[in-house]
Amino acid sequence: MRRFLMALSLASAMLLAPTSNAFARYSALVMDAASGEILYSANAELARYPASLTKMMTLYLLFDAIESGRVRLSDAISFSGNAAAQPPSKLGVYTGERISVENAILALVTKSANDVAAAVAEHLGGSEYNFAQSMTEQAHRLGMLDTTFQNASGLPNSDQVTTARDMAVLGRALYIDFPQFYHYFSTRYFRYDGASHHNHNQLLFSYDGVDGIKTGFIRASGFNLVASATRNGRRLIGVVLGARSPGERGRMMASLFDNGFRDADRGEFQLAMARELPATQIERSATESATAAPAPEVRGGSSSIELGTFKDRSGAVDAARRALSRVSSELGGSGEIDVVAIRGKGRRAGVTYRSRISDIDAAEAWRACAVLKKSVRTACSVRTTKPTAAARSSAKKPSVTKQAAARSERTRASAGRTKDRKVAVAKSSGGRASMTKPGRSKASAAKATVQPTAKPATLRSKPAVRPKP
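Read in order, the letters of the sequence shown are residues -24 to -1, 1 to 445 in mature numbering (1 follows the signal peptide of the UniProt record, and there is no 0).
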């Protein structure tokens, strides 16, 4: 009888092990926004590249500066040569030009503009390096002990790492600490200088109840998403890191939310996720998952579909919009309208506008271009940008810098939660700090355009950040 029970226990362990590690090479987490309770997690403590999820912290510090009165929505942000030279995705502001703080917010949440992120960093911190230091310090104050920032945009950097758990903490902090600004994350379209920029978060258009937050993608990270949704008075925050495509990212998040809103307990939630996800997304073993994050793969540069050059911006935008609408299924919901101004010289002096659909996978670009050539006889071409040296180096396994690791360990010791962990695969203690924020201004809260559906009882303590001049 004893042998039978031992065999039964072993068989049960082998059967249930994969259910707690769905999303094989992915990281995923679902959190209740009101309580901070983690309803489901898979590989949530493993080091990952945040990509443009980084801009969530850039926005957090910008919101903090607005709330404290150091910055106003109508203030102008100037673009340095460094900011203007940032690679796409970008708004395309020239050196010396300026945009308003509010337009900067909209460009970050919709276009995910890298040039705007750098400009905001320089405006608040004096330099992007100083601002990144403030970002990391604020992350650790929020309890994001396994996160280190090196820039404000999320462009490739092997030392810029985070975890699914930390991204959920940041998503919740944005909702709780700045309810008067949270409505910006639900912006579907942003119009600037005659061009319309749509939000990359496709769930805003397809999943009932989703109202934010942010997408991210670099070759080394895969497709990332932090999203928030409400249903029947309950708000959930979900995180997916490392999906293969925007479509897969959206389907995985939808499955997380579907099961989360069923109000299942933790065990039932795990089993439900294991049933819904295909077998190829189930981890081979819990031990393998716990010891190492999968090495990100650099498959090549970002691709775009070139649609031609136009005399005016509106014509270029219209051409890209029609093409994107025609091949939306081939692109799986990815791709964005990208119009670039080209200044001619000599006999060709003047400005023309190149129309293209950018930020798409090479294979998808070729398929979509073939459809356009056949169906609407568009003379399109595919352009693939080779990965930079920084992108190739970022394909190495993520590693937290020694300074950041030491700071995290000191923080853990002071909280009585010191725990051995590997630097290459940062593993947090999994504890959740209380969210208590005293003295919120009633005047600023009254300006909110999106009221929290389920208002938490307490708020997280958020010391003011004073970026170095």
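Hints may contain errors.
As the list claims (entries may be wrong) - Restricting the straight-line Cα-Cα distance to at most 20 angstroms, the calculated cross-link-like pairs of lysine to aspartate or glutamate (DMTMM-like) are:
1) K287 <-> D187
2) K287 <-> D234
3) K350 <-> D288
4) K349 <-> E306
5) K349 <-> D294
6) K287 <-> D169
To be verified - Now the in silico label distances, taken between C-beta atoms and shown as ranges:
7) N58 <-> R207: 27 to 33 angstroms
8) R48 <-> G102: 15 to 21 angstroms
9) Q109 <-> S357: 27 to 33 angstroms
10) R117 <-> D234: 29 to 35 angstroms
11) T71 <-> K350: 40 to 46 angstroms
12) N58 <-> G185: 36 to 42 angstroms
13) R220 <-> E13: 25 to 31 angstroms
14) Q109 <-> R302: 16 to 22 angstroms
15) I318 <-> Y105: 43 to 49 angstroms
16) E78 <-> T360: 31 to 37 angstroms
17) P63 <-> S357: 33 to 39 angstroms
18) K287 <-> Q109: 28 to 34 angstroms
Source of the hints: derived by calculation from the structure; they are not laboratory data.
If you're wondering where the values come from, they're calculated on a predicted model, not measured in any experiment.
Even for Gly, the Cβ is constructed at its ideal location relative to N, Cα and C.
Against the structure, the hints come out as follows:
1. K287 <-> D187: Judged against 20 angstroms, a Cα distance of about 37 angstroms means the pair is violated.
2. K287 <-> D234: Between K287 and D234 the Cα gap is close to 47 angstroms, so the pair fails against 20 angstroms, i.e. violated.
3. K350 <-> D288: Roughly 26 angstroms between the alpha carbons, so the hint for K350 and D288 is violated.
4. K349 <-> E306: OK: K349 and E306 at ~14 angstroms, within 20 angstroms.
5. K349 <-> D294: Roughly 17 angstroms between the alpha carbons, so the hint for K349 and D294 holds.
6. K287 <-> D169: Given pair K287, D169 holds - Cα atoms ~15 angstroms apart, limit 20 angstroms.
7. N58 <-> R207: 27 to 33 angstroms: violated, 43 angstroms
8. R48 <-> G102: 15 to 21 angstroms: holds, 19 angstroms
9. Q109 <-> S357: 27 to 33 angstroms: Roughly 43 angstroms apart at Cβ, these two residues miss the hinted range, so it is violated.
10. R117 <-> D234: 29 to 35 angstroms: Roughly 34 angstroms apart at Cβ, these two residues keep to the hinted range, so it holds.
11. T71 <-> K350: 40 to 46 angstroms: Between T71 and K350, where Cβ atoms are some 41 angstroms apart, the hint holds.
12. N58 <-> G185: 36 to 42 angstroms: Holds - the Cβ-Cβ distance for N58 and G185, about 40 angstroms, lies within 36 to 42 angstroms.
13. R220 <-> E13: 25 to 31 angstroms: holds, 29 angstroms
14. Q109 <-> R302: 16 to 22 angstroms: violated, 46 angstroms
15. I318 <-> Y105: 43 to 49 angstroms: violated, 32 angstroms
16. E78 <-> T360: 31 to 37 angstroms: holds, 35 angstroms
17. P63 <-> S357: 33 to 39 angstroms: violated, 20 angstroms
18. K287 <-> Q109: 28 to 34 angstroms: violated, 46 angstroms
This entry does not satisfy hints 1, 2, 3, 7, 9, 14, 15, 17, 18, going by the numbered hints stated previously.
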